[in-house]
Amino acid sequence: MTSGPPVASVDELIARLAEQRYLADPSLATVLYLGLRLGKPVLLEGEAGVGKTEVAKVLAAALGRRLIRLQCYEGLDVASALYEWDFARQMLEIRLAEAAGPVERQSLAAALYSERFLLRRPLLDALAPDPAGPPVLLIDELDRTDEPFEAFLLEILSDFQASIPELGTLRAPAPPIAILTSNRTREIHDALKRRCLYHWIDYPDAARELAILHARAPEVPPRLASQIVAFVHALRANDLFKLPGVAETLDWGQALIALGCVELDPSTVEATLGVLLKYQDDLAKISGPAARGLVDQARGA
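Residue numbering for the sequence shown follows this note's numbering, beginning at 1126 and increasing consecutively.
These are calculated hints, taken from the structure and not from any lab test. There could be a bad hint or two in this list.
Unchecked claim - No farther apart than 25 Å at their CA atoms in a straight line, the calculated lysine-lysine pairs in the BS3-like style are these: (1) 1165 to 1182; (2) 1403 to 1165; (3) 1410 to 1367; (4) 1410 to 1318; (5) 1367 to 1403.
Owing to the predicted nature of the structure, the values given are computational and were not obtained by experimental measurement.
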């Protein structure tokens, strides 16, 4: 970035994120810092629920920047992601011009295709100047889109500009802080990856996950928090269709507190397994004796 990064060091970034109750390990913080310093997008991959989306949210809060989120899905197109024209207002403008008298077509066309009638979608919005500084642009779950949309993103992420036939090329005065996430349901194309710094977010070890639980759900007492983390880590050792992420650990801790639980017991665990596991086959595999064994293991940890 021409004005320099908004933080002076990796350690400062770690501290800023910790103030937002996000405990970033040094490798993640280093990639984010380099993204800020070099003005490059950061691609975060990992299993669902490990905190990829949360990175962008807390980074925006830590830096005092606006968060602009583009939620990806199959069939996402330019009109939804970049811009479209406000046809209803354009039609109204035409009728008003015709009612006022003879219409000069060329000047009317120029007026109709001006920024006054432009509906900015997230990608174009992220290129606009912002008094607080370049916003954080979150392109979430990129793997849900298709390859043509990835190709469209290349211009945005290479030069932070967008071409609009009626207006020309709109460029960002300073590049947004771009965070892309992927659950890796399919591979992202190499051309897009080359434009990004890359980081894989894995499940945290038990000590870090316990620290995250204390930071994000301080109402969970220490003994129960230790049992929760031990249970979840033992659960991840099983061959499941979808392993629970950190998000599920936090949800489970809050659910157990809502039920007045002070330590794990088999009946409460059985009743709340749906907070951790989202597929019937996984629930069937863990319920009954398997759940009781995991509870015993967690309580003995």
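(message) Check whether the Cα positions of residue 1367 and residue 1403 lie no farther apart than 25 Å.
(response) Distance of about 7 Å is within 25 Å: holds.
(message) For a C-alpha distance cap of 25 Å, please report whether residue 1165 and residue 1182 respect it.
(response) holds (18 Å)
(message) Check whether the Cα positions of residue 1410 and residue 1367 lie no farther apart than 25 Å.
(response) holds (12 Å)
(request) For the pair supplied as a hint, residue 1403 and residue 1165, confirm whether the alpha-carbon distance does not exceed 25 Å. (result) Given pair residue 1403, residue 1165 is violated - Cα atoms ~35 Å apart, limit 25 Å.
(message) Does residue 1318 sit within 25 Å of residue 1410, going by the straight-line distance between their CA atoms?
(response) violated (37 Å)
The structure fails hints 2, 4 (numbered hints given earlier, in ascending order).
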